[in-house]
Amino acid sequence: MSRSPATSSLLHQPRAVWAVAFAAVIAFMGIGLVDPILPAISAQLDASPTQAELLFTSYLLVTGLAMLVTSWVSGRIGARRTLLIGLGLVVVFAACAGAAGDVNTIIGLRAGWGLGNALFISTALATIVGAAAGGAGNAIILYEAALGLGIAIGPLLGGLLGEVSWRAPFFGTAALMAIAFVALLVMHRDDTTPRVRVPLRAPFSALRRERGLRRLAVTAVLYNIGFFTLLAYTPFPLGFGAIELGLTFFGWGVGVAVTSVWVAPLLTARYRRTSVLAVTLALLSADLLAAAAAVGSPSALVVCVVVGGLLLGVLNTVFTEAVMEATDLPRTVASSAYSSVRFLGGAVAPPLAAWLASQAGDWLPYTVAAAAVLAGAIVVRASRDLLARVDAHLAESPAVEAVAISVGDAA
Numbered sequence: 003m004s005r006s007p008a009t010s011s012l013l014h015q016p017r018a019v020w021a022v023a024f025a026a027v028i029a030f031m032g033i034g035l036v037d038p039i040l041p042a043i044s045a046q047l048d049a050s051p052t053q054a055e056l057l058f059t060s061y062l063l064v065t066g067l068a069m070l071v072t073s074w075v076s077g078r079i080g081a082r083r084t085l086l087i088g089l090g091l092v093v094v095f096a097a098c099a100g101a102a103g104d105v106n107t108i109i110g111l112r113a114g115w116g117l118g119n120a121l122f123i124s125t126a127l128a129t130i131v132g133a134a135a136g137g138a139g140n141a142i143i144l145y146e147a148a149l150g151l152g153i154a155i156g157p158l159l160g161g162l163l164g165e166v167s168w169r170a171p172f173f174g175t176a177a178l179m180a181i182a183f184v185a186l187l188v189m190h191r192d193d194t195t196p197r198v199r200v201p202l203r204a205p206f207s208a209l210r211r212e213r214g215l216r217r218l219a220v221t222a223v224l225y226n227i228g229f230f231t232l233l234a235y236t237p238f239p240l241g242f243g244a245i246e247l248g249l250t251f252f253g254w255g256v257g258v259a260v261t262s263v264w265v266a267p268l269l270t271a272r273y274r275r276t277s278v279l280a281v282t283l284a285l286l287s288a289d290l291l292a293a294a295a296a297v298g299s300p301s302a303l304v305v306c307v308v309v310g311g312l313l314l315g316v317l318n319t320v321f322t323e324a325v326m327e328a329t330d331l332p333r334t335v336a337s338s339a340y341s342s343v344r345f346l347g348g349a350v351a352p353p354l355a356a357w358l359a360s361q362a363g364d365w366l367p368y369t370v371a372a373a374a375v376l377a378g379a380i381v382v383r384a385s386r387d388l389l390a391r392v393d394a395h396l397a398e399s400p401a402v403e404a405v406a407i408s409v410g411d412a413a
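Letter by letter, the sequence shown follows residues 3 to 413 of our numbering.
Everything labelled a hint here was simulated from the structure, so no lab data went into it.
We treat Cβ as the ideally placed atom computed from N, Cα and C, and that holds for glycine.
Any given hint could turn out to be false.
[Claimed, not checked] Label pairs and their computed distance ranges (CB to CB):
no., residue 1, residue 2, range
1, 78, 210, 18 to 28 Å
2, 302, 373, 12 to 22 Å
3, 213, 107, 40 to 50 Å
4, 106, 361, 19 to 29 Å
5, 390, 271, 11 to 21 Å
6, 388, 271, 18 to 28 Å
7, 386, 363, 36 to 46 Å
8, 301, 210, 23 to 33 Å
9, 243, 394, 47 to 57 Å
Sequences are here, hints too, so could you generate the full structure?
Shown next as structure tokens:
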């Protein structure tokens, strides 16, 4: 059977595009790679659950801070150099984390990993769009495919390698990123991505001046408390081995990928973005309450994780779409400002969840997370007038959709 012209065009891409797409898969795998080995790290390195959860905190905190300057960096040294520096940092810090002998060292090394990932992810989409054959549409499809594969495969690979040793996922990531680094170095020699010079102060000014942007960022902080309580703390009450945790969060990753790429655009084409956000946040709050009630039943908790993934995918995309429409600022500036703030919720949630569980039991982190997410839904409802321009256009162009997805899942 012959392939259609569209399929043929999509598959016949310059080598540089395939190199960046492969690296993007590996980069997005890092989101859930560590999840299946958290209990093993805690047990084998004599670390408390709170210490183990700081592996997420250091990574997300530095990623958020780095988002404030990534556009400024790429505008001055170019996309190719920014990609290579990001990949190189991940290789070095992931390998060092695998060789580390104590949890505090790994926490510090994960911070360096977060810096590298921020530099790479924030630049990858623009690079693919600039180099892809067949126009922006094909580039977006490739990028979405890389994102979905990475989010889904990361926990599964982490679980498989974690059965060998807790060190294996770190070394595996370093090896794959090293291959991606060499591929990019050899196959992407001509940097055709235009340089857009963004003032270093631009994200800070945006947060100070734009009330709608600030309101969305605060809501996203509350939402991320729910996101990372579900993602980062759940391996402990589940009590599974590495491979079982990998399979559980593989289901979570598939849910995130499917709804972020396909379901969110369908919803925002028919309903107001603020309505989609408020309703989905309320549903996520209910899911977290169900997790609190079912925390003693591993099978029920797995269902809550997978359902949560479906809701999180919608929220990631629609939140960032809303950010891009909330202001007249350049999209890179608005997304950088928003992302830097929202990651604070992600950085705080994992150790907070572990501490809360030590005070009253495994049910409490999910209850607090549900309250935070519900507060986010209330903030969105109360801000409808302030966010009126977010609802001005129901449908988004494919290019805007792809940028929303990329920024929304950069954590």
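The hints, checked one at a time:
A beta carbon spacing of about 24 Å between residue 78 and residue 210 agrees with the range 18 to 28 Å that was offered as a hint. At about 21 Å, the CB distance of residue 302 to residue 373 agrees with the hint of 12 to 22 Å. For residue 213 paired with residue 107, a C-beta distance near 42 Å keeps the hint of 40 to 50 Å intact. As the Cβ distance of residue 106 to residue 361 is approximately 23 Å, the hint placing it in 19 to 29 Å holds.
Checking the proposed 11 to 21 Å range against residue 390 and residue 271 shows it holds: the Cβ atoms sit about 19 Å from each other. For the pair residue 388 and residue 271, the supplied restraint of 18 to 28 Å holds, since their beta-carbon distance comes to about 23 Å. Checked against the hint of 36 to 46 Å, the pair residue 386 and residue 363 passes, with Cβ atoms roughly 37 Å apart. Between residue 301 and residue 210, the C-beta spacing of about 48 Å breaks the proposed range 23 to 33 Å.
Taken as a hint, the range 47 to 57 Å holds for the pair residue 243 and residue 394, whose Cβ atoms sit roughly 50 Å apart.
Consistency with the previously given hints fails for number 8 only.
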